[in-house]
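Assemble the complex: chain A is given as a structure, and chain B must be docked to it using the hints.
Heads up: the protein sequence lines correspond to chains A and B, in order.
Sequential numbering from 1 applies to the first sequence in the numbering used here.
Sequential numbering from 1 applies to the second sequence in the numbering used here.
Hints listed in this document are in silico derivations from the structure and should not be mistaken for laboratory results.
Check each hint, because a few of them may be wrong.
[To be verified] Here are the simulated SDA-like pairs of lysine to any residue, each with C-alpha atoms no more than 25 Å apart in a straight line:
1. B/K145 <-> B/Y60
2. B/K196 <-> A/A14
3. A/K282 <-> B/L210
4. B/K19 <-> A/G70
5. B/K113 <-> B/R139
6. A/K143 <-> A/I183
7. B/K113 <-> B/E69
8. B/K195 <-> B/Q276
9. A/K172 <-> B/K19
10. A/K282 <-> B/R139
11. A/K172 <-> B/P288
12. A/K58 <-> B/V25
13. B/K19 <-> A/Q90
14. A/K85 <-> B/F356
15. B/K19 <-> A/S187
16. A/K190 <-> B/Y23
17. A/K49 <-> B/N214
18. A/K282 <-> A/I191
19. B/K19 <-> A/N174
20. B/K195 <-> A/L10
21. B/K19 <-> A/I183
22. A/K282 <-> B/Y209
23. B/K145 <-> B/R75
24. B/K86 <-> B/N122
25. A/K58 <-> A/A168
26. A/K283 <-> A/G70
27. B/K19 <-> A/S176
28. A/K85 <-> B/V25
29. B/K145 <-> B/E49
30. A/K172 <-> A/N234
31. B/K19 <-> A/A168
32. B/K145 <-> B/L123
33. A/K58 <-> A/G151
34. B/K19 <-> A/I74
35. A/K85 <-> B/N357
36. A/K190 <-> B/K19
37. A/K85 <-> B/N358
38. A/K143 <-> A/G120
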Amino acid sequence: MVGPGLIIYLFIVAYPVFYAVWLSFTDFNPNRGGAWNFVGLDQYSTMLKDPWFWHSLKNNMIVVAVSVFGQIPIALILSYILYRKLVRAQNFFQAMIFLPQFLSTIVIGVLWKRLFSANGPVARLIQLFSGDPSAQFTMMLSKDTVMIPIGFVLIWMYTGLYVIIFLANLQKINRSVIEAAMIDGASESKIFFRIIIPSLSSTILVCSILAIAGSLRGFDLIFAMTTQGLTRLNAMVLPIFMYQTAFQDYANDMRFAYGAAISNMIVFISVGLILISNFVGKKLDPTRTK
Amino acid sequence: MNNTRNTLLIKLSKIRIGKIISYIVLISWVLLTVIPLIWVSYSSFKSNEELTRDIYAWPYDLFDNDSDEYVVIERTLNVRPDYDEKTDTRERLIIESTTISPGRRIMVHFLLKEDLPPEISNLKPGDRLTISQLPSVMRMYIGWKTIWFNYISAFTAGGLFMKFINSIIYAFLSTLFIVLFGLMIGFATSKLGFKKLSMIIIGLIGLGYLISINSVIIPLFLMLSNVNLTDTHLGIILVYTAFGLPLSVMLSTQFISGLPDSLIESAYIDGASVMQSFNSIILPMCKPVIITISIISALGIWNEFLLVLVLASSEFTKSLPVGVFSFSSLTSTQLGWQLAALVIATLPAMIIYFIFNNRLASGVVGGAIKG
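The following block holds chain A by itself, in its conformation from the complex (with noise of 0.2 Å):
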């Protein structure tokens, strides 16, 4: 019964991963075969003094934080007011919160990827609210900016999916606290920081998780919203970086050795912020502090 499940996975999900490893530990050249030395933490080595490395380390912790700090806040407000009842037509606001979610990344990059363009519909938006006709998106175009209307995107994204797994925890809160909070004259404020909060902490700490792990490996979203060439690398993440190493850099001979480096960095380096936010995470638990 177990059999052809159990040998479909360690082939594909176990095997691959000790590959990694080994891979990430050689020199093997595929355009020579495949011949490869045992040459230790080379590639790690090489990666550390790799601009480009840091460069995408930089944008791949900006990503992390606006999943931390700007997804899960919102998500906290908007499945508060869904938990509250404090609106009509519950579902429909559910379920418009929820879509996103569910669209295809790549259909949701091209989308932005338009809309931001230098003339798109965000640049005609600005032309009308400026009064300057001539008036361009240019955010996407340099450096300094281009995370911001990623950022933006990212939230749009995936605010969703952290305020089903609120929503769902929310519904194991005693609801009799909440009615006892009420009459004494608590605000919704109040409720929100003294009750919501205090017993989603261990939800919050999970969300962060899914937020640290999911924004380390995200790769389509902003492979999508950028073009091949300078915006891509002024927006590189990780992933990017890894996957612009392994399969377009040809002329690589260590291509594969190094984009195995780089993909274990990403994972080692997505273990390292769950403990540290685990740790933060008991630290600030309000029940472990008394």
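Just chain B now, kept in the frame of chain A:
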């Protein structure tokens, strides 16, 4: 008296302010979500000229096509016929629109001369005619082709039809295997004894949550190219199946272990084999969890990008997201066509989403937070 009334008023107004703020927040969020989607849907019915003229206006040109003016052109190399010239040698009048991308040989119709009245079929290249002069069947035909111009062009020029079929094949077959293998493992580990072994297997597969296709794409590519499975449907389906298993195993183990043991025991007493009891007892009872797993897996595979981007090198195996992406990065592609391609790729996912809305949300929670 007065005092309590005042506090009551304050309370009421507080509630009202809270409500107003809530509405503002939710409505603006929903608008932010929906407006881009609405924009892309209606703009996909606009011609390129309209899109450059005013990017927000409602579509008009393609719908109001009855008095469109056309010009007769010669059969040159850059005119691509929409029929097979080798088998079909009937004479045709080739006309091109003078309003929609004129001169670019994009908006071209091939009219059978035998169906045309003589004064039109005798027109020479360079002559002009309007659609209203044509026989009514042809007018209808050209009318529809004009309205769906962007969509037809996306399918033909972008080769999206083949990719659409591929996406369906990938999503359907992989989901089938994911569900089947997941249920089998779930059944075996929760109902057939072997406690220790089952724990190990479940733990091993649970670790798969930490690994995404993105993080092992390089070894996957090398492995599959060693066995010549890159650029094949089989290779891609295998990978999707393997990476869908953790979620499927987790959900089905949870579900099956909740079923009473006595069901299977009584089947044994009646002399059923393991396979029989799986087929006739477990499978029918697992319907809800099967639906949840199927929708989540199928949507995930429908939207997946990197694996096909890396593995598929020929048009024959590419999936819709890869097709849409490469189509939209071609500079020769008209904006209207790109928007139509986006709608084509989104619509199936949207339909599934709105049908299975509630089940999806609960499934995502189950998949995201284990236990």
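Hint check results:
1. A hinted pair counts as satisfied when its Cα atoms are at most 25 Å apart, and B/K145 with B/Y60 qualifies at roughly 15 Å.
2. Between the alpha carbons of B/K196 and A/A14 the distance comes to roughly 20 Å, so the proposed pair stays at or under 25 Å and holds.
3. Restraint check: the Cα-Cα separation between A/K282 and B/L210 comes to about 22 Å, which is no more than 25 Å; the hinted pair holds.
4. Distance check on the hinted pair: B/K19 and A/G70 sit about 23 Å apart at the alpha-carbon level, within 25 Å; holds.
5. A distance of roughly 14 Å separates the Cα atoms of B/K113 and B/R139; the hinted pair therefore holds under the 25 Å criterion.
6. Distance check on the hinted pair: A/K143 and A/I183 sit about 53 Å apart at the alpha-carbon level, beyond 25 Å; violated.
7. A hinted pair counts as satisfied when its Cα atoms are at most 25 Å apart, and B/K113 with B/E69 qualifies at roughly 19 Å.
8. Proposed proximity of B/K195 and B/Q276 is supported: the alpha carbons are some 22 Å apart, at most 25 Å.
9. Distance restraint check for A/K172 and B/K19: the Cα-Cα separation of roughly 23 Å lies within the 25 Å cut-off, and the hinted pair is therefore satisfied.
10. Distance hint between A/K282 and B/R139 is unfulfilled; the C-alpha atoms sit about 71 Å from each other, more than 25 Å.
11. For the hint pairing A/K172 with B/P288, the CA-to-CA distance comes to about 22 Å; that is within 25 Å, so the pair holds.
12. A threshold of 25 Å between alpha carbons decides the hint, and for A/K58 with B/V25 the separation of about 31 Å lies outside it, so the pair is violated.
13. About 13 Å separates the Cα atoms of B/K19 and A/Q90, which keeps this hinted pair within 25 Å; it holds.
14. Annotation: proposed proximity of A/K85 to B/F356 holds, straight-line Cα distance about 22 Å (limit 25 Å).
15. Distance restraint check for B/K19 and A/S187: the Cα-Cα separation of roughly 12 Å lies within the 25 Å cut-off, and the hinted pair is therefore satisfied.
16. Between A/K190 and B/Y23 the CA atoms are separated by roughly 19 Å; this keeps the pair inside 25 Å, and the hint holds.
17. Distance hint between A/K49 and B/N214 is fulfilled; the C-alpha atoms sit about 24 Å from each other, no more than 25 Å.
18. A hinted pair counts as satisfied when its Cα atoms are at most 25 Å apart, and A/K282 with A/I191 qualifies at roughly 22 Å.
19. Pair hint B/K19 plus A/N174 holds up; C-alpha atoms about 22 Å apart against a cutoff of 25 Å.
20. Simply put, B/K195 and A/L10 have alpha-carbon atoms about 20 Å apart, close enough for the 25 Å limit, and the pair holds.
21. For the proposed pair B/K19 and A/I183, the alpha carbon gap of about 18 Å is at most 25 Å, so the pair holds.
22. Our distance criterion of 25 Å between C-alpha atoms is met by A/K282 and B/Y209, whose separation comes to about 23 Å.
23. Of the pairs offered as hints, the one joining B/K145 and B/R75 holds, with about 20 Å between alpha carbons and a cut-off of 25 Å not exceeded.
24. Note on B/K86 and B/N122: the hinted pairing holds, with a Cα-Cα distance of about 24 Å set against a maximum of 25 Å.
25. As the CA atoms of A/K58 and A/A168 are separated by approximately 33 Å, the hinted pair breaks the 25 Å bound.
26. Proposed proximity of A/K283 and A/G70 is supported: the alpha carbons are some 21 Å apart, at most 25 Å.
27. Only pairs whose Cα atoms come within 25 Å are accepted, and B/K19 paired with A/S176 is accepted, the gap being roughly 21 Å.
28. With a C-alpha separation of about 14 Å, the suggested pair A/K85 and B/V25 falls inside the 25 Å cut-off, and the hint holds.
29. Taking the CA atoms of B/K145 and B/E49, the gap is about 17 Å. The hint holds against a cut of 25 Å.
30. Note on A/K172 and A/N234: the hinted pairing is violated, with a Cα-Cα distance of about 44 Å set against a maximum of 25 Å.
31. Of the supplied pair hints, the one linking B/K19 and A/A168 holds, its CA atoms being roughly 22 Å apart against a limit of 25 Å.
32. Of the pairs offered as hints, the one joining B/K145 and B/L123 holds, with about 22 Å between alpha carbons and a cut-off of 25 Å not exceeded.
33. The suggested pairing of A/K58 with A/G151 holds, with an alpha-carbon distance near 13 Å, which does not exceed 25 Å.
34. The suggested pairing of B/K19 with A/I74 holds, with an alpha-carbon distance near 17 Å, which does not exceed 25 Å.
35. Distance hint between A/K85 and B/N357 is fulfilled; the C-alpha atoms sit about 19 Å from each other, no more than 25 Å.
36. Note on A/K190 and B/K19: the hinted pairing holds, with a Cα-Cα distance of about 15 Å set against a maximum of 25 Å.
37. Our distance criterion of 25 Å between C-alpha atoms is met by A/K85 and B/N358, whose separation comes to about 17 Å.
38. Distance hint between A/K143 and A/G120 is fulfilled; the C-alpha atoms sit about 20 Å from each other, no more than 25 Å.
The structure fails hints 6, 10, 12, 25 and 30 (numbered hints given earlier, in ascending order).
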